[in-house]
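Given chain A, put chain B in place with the hints provided.
Top line first, the protein sequences correspond to chains A and B. Once you know that position 136 of the first sequence is 136 in our numbering, the rest is easy, because the numbers rise by one and skip nothing. Once you know that position 26 of the second sequence is 26 in our numbering, the rest is easy, because the numbers rise by one and skip nothing.
Note that these hints are calculated values from the structure, not bench results. Possibly wrong hints are sitting among the right ones.
What the hints assert, rightly or not - Here are the computed distance ranges between Cβ atoms for each label pair: (1) B:Gly-99 <-> A:Asp-433: 51 to 57 Å; (2) A:Asn-257 <-> B:Ala-334: 54 to 60 Å; (3) A:Ser-295 <-> B:Pro-63: 49 to 55 Å.
Stated by the list, open to error - Here are a few chain B residues that face chain A, going by a calculated C-beta distance under 8 Å: (4) Phe-39; (5) Thr-40; (6) Arg-66; (7) His-87; (8) Lys-94; (9) Thr-97; (10) Leu-102; (11) Asn-111; (12) Leu-132; (13) Gly-134; (14) Gly-135; (15) Asp-318; (16) Thr-319; (17) Phe-344.
Glycine included, C-beta positions come from ideal geometry on N, C-alpha and C.
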Amino acid sequence: MAHRLFDSKLVALGAVILSTSCGGTSEPELPPRLEFSAAVVDLGLLRDGQVELRNTGGRSIGPIEVVSGAIQDSGGSTVPGSVLAADPTEIPTLNAGEASTVSLSLSLQGSLNPGEYDAAVTARGGLESTAFLAVRFTVLNEAEEAAASIQMSVPNVDPRTGDVIAIPIEVRDDAGALLQGAPVAWSVEPAIAGYVGSSGQFVGYSVGPAQLIARVGTVADTAAINVVSRNLTGSFTVVRRGRETARHSSDLWLHGNVAYSGTWGARTDGELVNFGNTLNVWDVSGAGNVSKVSSLEIDARVVNDVKVRADGELAIITHEGSNDGLNGITILDLEDPSNPVVVGRFSSELEAGVHNVWIEGDYAYLVVDGVGNGLRILDISDPALPTVVGRYWAGSSFLHDVYVRDGLAFLSHWSAGLVILDVGNGVAGGSPDNPVEVSRLEDLSGQTHNAWYWPEAGYVFVGEEDFAAPGIIHVVDLRNLFEPREVATYRVPGQTPHNVWLDEDTGTLYVAWYANGIRAIDVTGDLLGELDRQGREIAGSVYNGGVGSCNRGSGDTCSWGPQLHQGLIWVSDMNEGLIALELPR
Amino acid sequence: MTLRQGKAAGHIGAALVLALVSGACGDAPGERLLVTSGFTDQIFVLDARTGEVIDSLSLDRRPGERDEPHAVAVSPDGAHFYATLSHGEPSLWKYETEGLRLVGRLTLPTNGASRVRLSPDGSLAAVPDYWLSGGGQPSRVAFVRTEDMTLVASPELCAAPHDASFSPDGSQVAVTCTLSDELVLLSAEDFQEIERYSMSNEPGARPLNTAWMPDGRQVLVTLMGRGSYWGLPAANSEGARPGDPRYVLRVETGEGPAQIAVSPDGSSVVVANRRAGSVTVTEASGARRHQIQVSGAHPHGVAFGSDAGVVYVTYEGDTQSFGGVVAIDVRTGAVLWDTEVGSFTLGVAVLPPPRG
Chain A
1 MAHRLFDSKL VALGAVILST SCGGTSEPEL PPRLEFSAAV VDLGLLRDGQ VELRNTGGRS
61 IGPIEVVSGA IQDSGGSTVP GSVLAADPTE IPTLNAGEAS TVSLSLSLQG SLNPGEYDAA
121 VTARGGLEST AFLAVRFTVL NEAEEAAASI QMSVPNVDPR TGDVIAIPIE VRDDAGALLQ
181 GAPVAWSVEP AIAGYVGSSG QFVGYSVGPA QLIARVGTVA DTAAINVVSR NLTGSFTVVR
241 RGRETARHSS DLWLHGNVAY SGTWGARTDG ELVNFGNTLN VWDVSGAGNV SKVSSLEIDA
301 RVVNDVKVRA DGELAIITHE GSNDGLNGIT ILDLEDPSNP VVVGRFSSEL EAGVHNVWIE
361 GDYAYLVVDG VGNGLRILDI SDPALPTVVG RYWAGSSFLH DVYVRDGLAF LSHWSAGLVI
421 LDVGNGVAGG SPDNPVEVSR LEDLSGQTHN AWYWPEAGYV FVGEEDFAAP GIIHVVDLRN
481 LFEPREVATY RVPGQTPHNV WLDEDTGTLY VAWYANGIRA IDVTGDLLGE LDRQGREIAG
541 SVYNGGVGSC NRGSGDTCSW GPQLHQGLIW VSDMNEGLIA LELPR
Chain B
1 MTLRQGKAAG HIGAALVLAL VSGACGDAPG ERLLVTSGFT DQIFVLDART GEVIDSLSLD
61 RRPGERDEPH AVAVSPDGAH FYATLSHGEP SLWKYETEGL RLVGRLTLPT NGASRVRLSP
121 DGSLAAVPDY WLSGGGQPSR VAFVRTEDMT LVASPELCAA PHDASFSPDG SQVAVTCTLS
181 DELVLLSAED FQEIERYSMS NEPGARPLNT AWMPDGRQVL VTLMGRGSYW GLPAANSEGA
241 RPGDPRYVLR VETGEGPAQI AVSPDGSSVV VANRRAGSVT VTEASGARRH QIQVSGAHPH
301 GVAFGSDAGV VYVTYEGDTQ SFGGVVAIDV RTGAVLWDTE VGSFTLGVAV LPPPRG
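If we strip away everything but chain A, and leave its shape as in the complex, we get (with noise of 0.2 Å):
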């Protein structure tokens, strides 16, 4: 006989069935639940400190996840770059009547304005019980006392929301000499109109007056600002559209007058099933929607990415879960860009799998699979045979994606974070052949998963995918190579963003957000603070619906990933292929 997958709702509603038909007569444990040994912990001038976790349930739980947030003013404003770390992150389990030692330690940015600061704790275990712990600490000013008078000079302007202003500040000792480097606490009033960095730069979050107060010691200085709207309008239109509902899209791009999409995972239809193992070729040119002109299977369950080099004449695409375990590369000719030809599948030290790729000229730069794997650096100035030429590894966690630039290669490292690589730029004497890294930033919550550098403006745009916390995207300023700093945030509630595209000439940022669809973000002038709050979205498009899960095999809207080409926005889309609009301004 044979048997198939069915419905897993049935199956739940047979086991609930069951369990209220077939009484139990043994006595329930009680069930696991998570204490901290305090609700709040003060750390006062301290920059670490020690809380324990405890099972006071009947039974175990685990794993255990310890989440710290973010480091909050005591007006509510998060301050960027400042971390509460707790470790470890995760403990495997925890038996009845068993504690944990969590350690907390406080990674503080610049010099915080003196004050109060608070952070929080969370431990999960699962759905079955949550804790939660309130940490404290203060940060102390020496020159309070000597500080007799304060002035600041705000600008004759009302700044926009988002627009990043600095504050001129003087502060004076009794004598009337200047006080360098005097500690000054900055608040807004109201607390929700905006937020003072710790250099004196504010940032507008609502439309309306606010006061500005800056405070060292005793004394005080007072002013008042306006901040008016980013007055921005825009809105998305579909105007064209590739349908693939045969199989889930993956990663796009286009070139020419030519599209390229891959697959991914398994896509049922009743009785039918599809793997990601094609390649599917568009002609995009005209007007209208556009048909698949051919496609190209391989030997993958997954092709997650493909890239087209510059000049148009190859491409490569990623192999994942093989049949025959060699994964790797194929490499395609693109002489006639509506009909790749396959020139050879390269796989050496590519078994894992490989989920990302960019070309750079004679070097392709893939992203293999796993923890320990790391970068491979291909020559590929003869594509019919490709060699490994450069490898590199964070030492912890895995790649995820690579975006190279300027000759320098930016790594989007998971749990390591963003790490910078020379590649040829010669900050740090680097090649493709010997990658030598530059900084590295591991203060982005994990699940760093890609980036984008943006040269001009000295930002790289990082997007972290975490599905449950959800991810955000966190702004990287690297004006100083060596020193990557992040000063700013971009968050849509409900679900994690995932791939962006940068249009440079008009500092529009646009990221495909799963179900939340397509989002274009002013990005130009600073960046600083939550820039969700700053009015900085000029629209946002949830061009097909969807009940918020990116549903897959449905309908739904769920955004893979954009790409600008030739005046639209096109955007690959898990569950319908391609989609491109129209550009909000």
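Relative to the frame of chain A, chain B by itself:
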């Protein structure tokens, strides 16, 4: 595009509900199978008597990525089971059998995680780091104390260890080193190396998985690159050494043998031949009993339950089709049932009947 075989899903589901309502309270529940679906990041639970899917668990830590639950093992007392997750940051998951409740998870200090094997008393789990893209660099076997899911040792052993199985008396661990063509025997007490048997005279042998004979005097090893399994004497058994060719049993199977299992009574040996798409059943002596062609692509996992007469074999499926499980009567070679379930269907273990 592939046509999935079998009856309409809704009909089977409805039939199951009826069966649960009408018969479950009266019939003694039987053994269940745990099956890992490496591509959908799930473990499926099947009724071992019929092959019907009765439950599933999600181990999908990263819904946008592939996490690959690879192997599963049940504790000797049946109270817990353990599964490995190979991709991302490799981890070992611990579940209570009652209610299929997750009760522990440990991120492993390894590059990968293939099989999980338990000591006979269930106190230790061994998880090899099958580092296939490590360029031949040595990697480790992680030993985890199951009570509190604490790492107790992770000796660096060889290139791409894939299996690490405990001897029946719990004193030794047999480790297959796939890329260096070696079998290493470790002491389960201090994790020190006892013997290292090199197959360097058989380059490309690719030892993959192991199974111990119940008397502990011989360990069987599948050779992926040789289409055979070898029986090697355990270290220190009556002076025999693993490298002594006089004691090596060589048994032809089919192309690409993956997992191997010995029946609880020691009378039958079963091998899943991944590349050949078949299952080989032999006597303990190595004499061929059956060669069975499996309906699905790439047979992979093998497990016996308490009944030495029935073996369960998973097949991975391929880039065109789902995976699944077959139950085979090892005496007759007959396929008792065949269930299409999961994708990249790999590991299989047998859960005892639920209590109560």
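Results of checking the hints against the structure:
1. The supplied range of 51 to 57 Å is met by B:Gly-99 and A:Asp-433, whose beta-carbon atoms lie about 54 Å from each other.
2. Checked against the hint of 54 to 60 Å, the C-beta distance between A:Asn-257 and B:Ala-334 comes to roughly 58 Å, which is consistent with it.
3. Restraint check, A:Ser-295 to B:Pro-63: a C-beta distance of roughly 26 Å breaks the suggested window 49 to 55 Å.
4. Checking B:Phe-39 against chain A by beta carbon gives a least distance of about 6 Å; that is within 8 Å, so the hint holds.
5. For B:Thr-40, the interface hint holds, since its Cβ comes within 8 Å of a Cβ in chain A; the closest pair sits about 7 Å apart.
6. Using the Cβ-Cβ criterion of 8 Å, the hint placing B:Arg-66 at the interface with chain A is satisfied: the shortest such distance is roughly 7 Å.
7. Hint status for B:His-87 relative to chain A: holds, with the closest Cβ pair at about 6 Å, below 8 Å.
8. Taken as an interface hint, B:Lys-94 checks out: its beta carbon lies about 7 Å from the nearest beta carbon of chain A, inside 8 Å.
9. For B:Thr-97, the interface hint is violated, the least distance from its beta-carbon to any beta-carbon of chain A being 13 Å, above 8 Å.
10. Given the 8 Å rule on beta carbons, the hint for B:Leu-102 holds: about 6 Å separates it from the nearest Cβ of chain A.
11. At about 3 Å, the closest approach between the beta carbon of B:Asn-111 and any beta carbon in chain A falls short of 8 Å, and the interface hint on this residue holds.
12. Residue-level restraint check for B:Leu-132 holds (minimum Cβ-Cβ distance to chain A is 5 Å; threshold 8 Å).
13. About 6 Å separates the beta-carbon of B:Gly-134 from the nearest beta-carbon of chain A, less than 8 Å, and the hint is met.
14. Because the smallest distance between the Cβ of B:Gly-135 and any Cβ of chain A comes to about 6 Å, under 8 Å, the interface hint for this residue holds.
15. Because the smallest distance between the Cβ of B:Asp-318 and any Cβ of chain A comes to about 5 Å, under 8 Å, the interface hint for this residue holds.
16. Here the hint on B:Thr-319 is kept, as its CB sits about 4 Å from the closest CB of chain A, short of 8 Å.
17. Because the smallest distance between the Cβ of B:Phe-344 and any Cβ of chain A comes to about 6 Å, under 8 Å, the interface hint for this residue holds.
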